[in-house]
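Student: If you're matching them up, the sequences are chains Y and P in order. Numbering-wise (numbering that gives the first Met the number 0), the first sequence opens with residue 0 and increments by one. Numbering-wise (numbering that gives the first Met the number 0), the second sequence opens with residue 0 and increments by one.
Just so you know, the hints here were simulated from the structure itself, not pulled from any lab data. In this text, all values refer to a predicted model and were calculated from it rather than measured experimentally. Any given hint could be a false lead.
With the C-beta cut set under 8 Å, the calculated list includes, among others, these residues of chain P facing chain Y [to be verified]:
#1 Lys114
#2 Gly120
#3 Gln139
#4 Gln143
#5 Ile247
#6 Glu300
Here chain P is said to cover these stretches of chain Y; the calculated rule only asks that three of the stretch's residues, wherever they fall, bring their Cβ under 8 Å from a Cβ of chain P [said to hold, decoys possible]:
#7 120 to 133
#8 204 to 218
#9 336 to 346
#10 409 to 422
Glycine is no exception: its CB is placed at the ideal position from the N, C-alpha and C atoms.
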Amino acid sequence: MQTGLEEQLGLYQKRIPIFTRSVKGRFRRFKTSVLALAYAIYFLLPWLPWSRVDAPAQAVLFDLPGRRFLIFGLTVYPQDVIWLALLLFIAAILLFFVTGLVGRAFCGYFCFQTLWTDFYIWIETVIQGERPARIRLYRQPWNREKVVKVGGTHALWVLASFWTGMTFVAYFTYAPQLVVDFFTGQAASAAYITVTVLTISTYAAAGLMREQICTYVCPYGRFQSVMYEPETLAVHYDARRGEATHGRASARAGQRTLAERHDKGVGDCVDCGLCVQVCPTGIDIRDGLQYKCISCGLCIDACNSIMDSFNFPRGLIRYDSEKNLAADVPAPPRVEWKRLKTIGYGVALILMGGYLAYSIGSRGSYDRAVNQIRQPLYVVLSNGDIRNRYQIRITNKAPQDQTYVISAKGIPASALDLGNFREITIRPGHSGLVQASVRLDPELAEHTRRFELVITPRGKPGEARSETVRFDSPKELHG
Amino acid sequence: MSEQKLQSQTVQTTGHAWDGDLQEYNNPLPVWWVYTFYITVLFAIVYWVIYPSWPFGKTWIGGVSNVTYVNSDGQTKTHAWNTRALLMADLNKADAAQKPYFDKVAAMSYAQIAKDPEMSGFILSAGKALFADNCAPCHQAGGQGKLGFFPNLTDDDWLYGGTFDKIHQTITGGRHGYMPTFSEVLSGDQIDQLANYVASLSGIGHDAAKAAAGNTLFHSETAACYYCHGVDAKGRKEIGSANLTDDIWLWANVPGAATAEGKVAAIHNVIASGLNKGVMPAWGGRLSPEQIKVLTVYVHELGGGQ
Numbered sequence: 000m001q002t003g004l005e006e007q008l009g010l011y012q013k014r015i016p017i018f019t020r021s022v023k024g025r026f027r028r029f030k031t032s033v034l035a036l037a038y039a040i041y042f043l044l045p046w047l048p049w050s051r052v053d054a055p056a057q058a059v060l061f062d063l064p065g066r067r068f069l070i071f072g073l074t075v076y077p078q079d080v081i082w083l084a085l086l087l088f089i090a091a092i093l094l095f096f097v098t099g100l101v102g103r104a105f106c107g108y109f110c111f112q113t114l115w116t117d118f119y120i121w122i123e124t125v126i127q128g129e130r131p132a133r134i135r136l137y138r139q140p141w142n143r144e145k146v147v148k149v150g151g152t153h154a155l156w157v158l159a160s161f162w163t164g165m166t167f168v169a170y171f172t173y174a175p176q177l178v179v180d181f182f183t184g185q186a187a188s189a190a191y192i193t194v195t196v197l198t199i200s201t202y203a204a205a206g207l208m209r210e211q212i213c214t215y216v217c218p219y220g221r222f223q224s225v226m227y228e229p230e231t232l233a234v235h236y237d238a239r240r241g242e243a244t245h246g247r248a249s250a251r252a253g254q255r256t257l258a259e260r261h262d263k264g265v266g267d268c269v270d271c272g273l274c275v276q277v278c279p280t281g282i283d284i285r286d287g288l289q290y291k292c293i294s295c296g297l298c299i300d301a302c303n304s305i306m307d308s309f310n311f312p313r314g315l316i317r318y319d320s321e322k323n324l325a326a327d328v329p330a331p332p333r334v335e336w337k338r339l340k341t342i343g344y345g346v347a348l349i350l351m352g353g354y355l356a357y358s359i360g361s362r363g364s365y366d367r368a369v370n371q372i373r374q375p376l377y378v379v380l381s382n383g384d385i386r387n388r389y390q391i392r393i394t395n396k397a398p399q400d401q402t403y404v405i406s407a408k409g410i411p412a413s414a415l416d417l418g419n420f421r422e423i424t425i426r427p428g429h430s431g432l433v434q435a436s437v438r439l440d441p442e443l444a445e446h447t448r449r450f451e452l453v454i455t456p457r458g459k460p461g462e463a464r465s466e467t468v469r470f471d472s473p474k475e476l477h478g
Numbered sequence: 000m001s002e003q004k005l006q007s008q009t010v011q012t013t014g015h016a017w018d019g020d021l022q023e024y025n026n027p028l029p030v031w032w033v034y035t036f037y038i039t040v041l042f043a044i045v046y047w048v049i050y051p052s053w054p055f056g057k058t059w060i061g062g063v064s065n066v067t068y069v070n071s072d073g074q075t076k077t078h079a080w081n082t083r084a085l086l087m088a089d090l091n092k093a094d095a096a097q098k099p100y101f102d103k104v105a106a107m108s109y110a111q112i113a114k115d116p117e118m119s120g121f122i123l124s125a126g127k128a129l130f131a132d133n134c135a136p137c138h139q140a141g142g143q144g145k146l147g148f149f150p151n152l153t154d155d156d157w158l159y160g161g162t163f164d165k166i167h168q169t170i171t172g173g174r175h176g177y178m179p180t181f182s183e184v185l186s187g188d189q190i191d192q193l194a195n196y197v198a199s200l201s202g203i204g205h206d207a208a209k210a211a212a213g214n215t216l217f218h219s220e221t222a223a224c225y226y227c228h229g230v231d232a233k234g235r236k237e238i239g240s241a242n243l244t245d246d247i248w249l250w251a252n253v254p255g256a257a258t259a260e261g262k263v264a265a266i267h268n269v270i271a272s273g274l275n276k277g278v279m280p281a282w283g284g285r286l287s288p289e290q291i292k293v294l295t296v297y298v299h300e301l302g303g304g305q
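The shape of chain P in the complex, shown without the other chains (with noise of 0.2 Å):
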């Protein structure tokens, strides 16, 4: 006769019933259960001694286990283990693994960068992350900037110039585009006419004659356009200001006008009101010097540069 049997025979019910006939049967917990939850008594007590647990008046018991980190201003910080404490850990740790990256963007000239396909997959990568932390609020995620406030960088028109030198410069002191106020010097048919001409100058339809007028009123001393923009109106990198011969346009909506009357009055708009908006911030302080070189590698990239 099995033993297993016998205990079987003797199962016992808890004694209440209900509904009548409905009964529940008495069956002991197996023995090892309790060892279990004594083990994780065990444990709890372990884990009071490492991690933080009990509050203690105004502050709580930390426990054995510490976490030490430098901070951003570069002090050493040990505290009783908490998450904050491993995040700065663990962004330590990170740090010090794309160190070896950074160091390496700081002793290549742009040129090697550009022919190295290990470097240029580090720069797509942590140069999409700067990007995204400092330049995406006003250039966009992708960099294609904000049609009437922000630059597009995907496209190879660069006000300031593409080559890898420029756009480390604009980056490490900023910029200021600027263009009068013209409404304050010129009459609104003169505007109108300058609008015409600037028109003719990307093909969009236009009044011939005006334009004509226009021509004559942008290279003359009244409205002295050509000192920025320059005799042949292509625009001015050392200064920044616009080409007016291409099909790229910053300030004025002409892409999001249905006709052409719509769009040479957005060109107005512009040249009546002028510019005081074309502001980047330096980010020579802000960022560290390799930090810039992987941003200029990275926007070189998005617009294929000069």
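Chain Y with its partners taken away, still in its complex shape (with noise of 0.2 Å):
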């Protein structure tokens, strides 16, 4: 059986090109704000000043070299990696908890791949006209319209790529020197490096490969397809209205009317095929869901406006649940959340985010590490006094010099010894460390087990944290 081998497709399969005809209407327009709010922030805020004491006056800066981020009035330093883990965390939760409601919402309205590809065929309508126009194009052969044309679309796709990848290391460096350092040839090695991988990266997802980088590429489009229950709301065309019992037919005479139709067994889809030509992904909706349907709504748009046009009832093409469409009676589509997926989902998210927004608001101006000085645990001193060591790190997150006193509780004061450091001054950002000894007489060592140590920022008694530490002696450890 050699039957498949003789009339080879080819090894490879060539992309299909995708000419996708403009459409007007709700999904459009959501999109279209998402797109600009989303370019808005991501284009603007490194230009966004922020005056500061010790740093570059920029309202988002990562500052890598010196280990903090700088998030408007907020400084992040890497002990707080937690919160970045926790956002992480939130942010897979909301898209599993966002899918089981109403689909991949994610890739089609949020995502930068979506964003990216939707503004650069914008770009390409603009240039090379609407879907018919772009088709002519496509299959002239070279000429002057054509190098001009195609040469243009190109051209600012490169330029809007280079500016994407512009505005991604300027979250990293102060912003207005970053430009003038680029083009002066200044700028980091790593500034130059980056923003040819962006240019390039931006440019063959968003210009060439798009559609392909979510069917090929993407895990998530794939992973998200197994969340989807029967009530997930998802794009659907009704294909019980849709094909009816003699299948979808044009609105010739005879079958203009929905009368008309429904007497003949026709179906109320009069097969103008807009749908497709709308799809960014160029799938047909009418095959039902598959794994290319990245949820855009565009098809949505196109359907309702034949609908329209024809004055049939709109939503042929809506989100519904399978469900719903299986339903004897189908339902208006609605959200379904009662689910014990959903819900559980939901309440992860408000426990991580709103612990996340504690920990955030109750962040002290300090951190403190106090850790006994393990080796040796205890020493004993000449006259038979019993010795135990810790050292104290802390970190002043504060934006000004604070002052921190160390001070004991538990144990006689005179047993604590800082040495020379019974303050310590340190610079914002900085970490400052203090040797404290304790020295106890064998009986009292006996009976401390344990103890506090108090470090209280100078002027701010309120922020006074007392750690709990262990006090070691020979006769605890051998008796």
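Hey, can you piece these two chains together into the complex? The hints should help.
Tutor: Okay, structure coming up:
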């Protein structure tokens, strides 16, 4: 049996070009608003000034050499990595939560691949014209018009990609300085490498590969599919209404009104193909739910505009659930959230979001780590006294110099020896080390198992924090 | 009719059938995948040019990227890219980054260093590394020493003195502790008397009569213990002789003995056999003056100093 091999398609599948038709409607408006908002934030945020005492006046600056993230009034230090972990967890759970409710809403409206592709298609439309004009241009041989239009499109794409890369780098260094340095050849090599890589990858992903990223490369699109439930809202074609008993049919004479069509058993779909022409991934939604659908809703807009023009009711393609579509009498589609999974994700989101907000809101102006020195755990001194030593590390997270006073509770004040530093002044963002040694006579040592070391920022008694530490002695260990 | 749909209708199988009906679709690879492969090929070629790649006779092609570093003899070397040279270059960088701190150490007096919190932080971390590399094999990682072998640096007893200057002198010049073998000149009974006397100085259970005899012997010309340990038996820092009146033991395993007899016997052993093993090497030629200074402050801090 070699029947398949004689008429090979070829070893490699070339991309079938997709020329999307512009469309107007609710979902197009929503997508455009999200695009405008996201671009405004992404491209303008690095230029937002923010006055600071000891750092560049940039509202959002990920200062890697300084090991701190400056986000408006907040300075995030490496010790706060738990926040990043929480943020990523929240993002993941939010994705699961939203996908269970309304399908791949992230893919369709918020994903940067979708946003950038949308923008690049808009550039293409502005230069080359609507879908028919673009198809004509694609088919015509290379002449001056084609070179200018296609070349211009690609040039603009590269420009947009370049500025995307520049903007990304601007988050990591003072933006106005970066732009000057970049064009005078004085920027860091990391800046040139990053801009080059991002320019190439953005141009390739949003200009050339587009829907292939979603279908072949992106893992999220695939694993979101397994989060669908029968109740999940997704973009669906109402096949029962569209196909009826005799299938879809064009609106020829004799089957132009709903009454005529229903008499003939013909469905409401006039087979205009507009839903396919507007689809950025080039699929036919009437084939049913499929992995290539990014749930952008443009086919809904397209179909509704046709339904309106024929005076048919809207919603032949609509957001609906599989369960509702299969019901004998479909109810109006609505978000079904009363499910264990959805509620569980919702509760997890609220808890984690609440904890993150609390953690950021209640962060102290300094970090502390108090460790007993364990080598050796204790020392017997010449007069028989027992000495334990402790290392206290204080990190100043306040924006100004701060002095910290260290004291002890639960032992005589004279037992605590801080060497030369009963108090220590630390610069903002820096750490200071203090060695404390505690010396107790053998009798007291025997009765002291634990005591507290208290760190008080000078002038802020309310922020005093105490750490309970062990006190070890030979008697305790041996008996 | 969508072009996509057309394609899905004409999807082929490879033509093989297993178990009667199990077939395999022949979906062609997307062409961009092939381009990615070509890009990796190009990448490899660029890589060959930049980095060491092909074996060539007994040597290899080193590539155009070089690493320059200064080796431990102060010679500047340039090698084709390799991780060892990179490590050396990184170490050069780290040394350069530490240099301002070490320069500061060199310029400051001990009293100034002790009062500067930032310097103190540097000493704690740099000193810890230096101590671990050079001192820890004998004095142990935390400086706690080893009973019967190496002195504990974390207690408040300093054989040769615990001031910055004395510690500096100890590290630079090394030390050699020595005590004669008294079994050659004293009888067993005499050593026993001395052992009981030394035990009595630290409040350890002892035979009062023997201790009294030991007291006399200690201060006599026969044993002449007071030559080194002093009339008050508190030791002499200029020669590093031990203070026999405190609770700290270095050579005699007194804390380890369970009974008073055992403790006295441990002291007896040390007197009888003497000591010729308290040797600390001189670090003056091996470590730089700044490193010794850092270690001095670190060791001073360990035991609280004097």
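Student: Does each hint hold? Answer for all of them.
Tutor: Consistency of the hints with the structure:
The beta carbon of Lys114 (chain P) comes within 5 Å of a beta carbon in chain Y, closer than 8 Å, and the hint placing it at the interface holds. Interface restraint check for Gly120 (chain P): the shortest CB-CB distance to chain Y comes to about 5 Å, inside 8 Å, so the restraint holds. Because the closest C-beta pair between Gln139 (chain P) and chain Y is about 7 Å apart, less than 8 Å, the hint holds. Taken as an interface hint, Gln143 (chain P) checks out: its beta carbon lies about 4 Å from the nearest beta carbon of chain Y, inside 8 Å.
Satisfaction of the interface hint for Ile247 (chain P) is found here, the shortest Cβ-Cβ separation to chain Y being roughly 5 Å, below the 8 Å cut-off. Interface restraint check: Glu300 (chain P) against chain Y, minimum CB-CB distance 6 Å, threshold 8 Å, status holds. Counting residues of the region 120 to 133 of chain Y whose C-beta lies closer than 8 Å to any C-beta of chain P gives 0; at least three are required, and the coverage claim is violated. Here the region 204 to 218 of chain Y counts 4 residues with a CB under 8 Å from a CB of chain P, which clears the bar of 3, and the coverage holds.
With a cut-off of 8 Å between beta carbons, the region 336 to 346 of chain Y has 0 residues touching chain P; three or more are needed, and the interface restraint is violated. Counting residues of the region 409 to 422 of chain Y whose CB lies closer than 8 Å to any CB of chain P gives 4, which reaches the minimum of 3, so the coverage claim holds.
Hints 7 and 9 from the list above are not met by this structure, while the remaining hints are.
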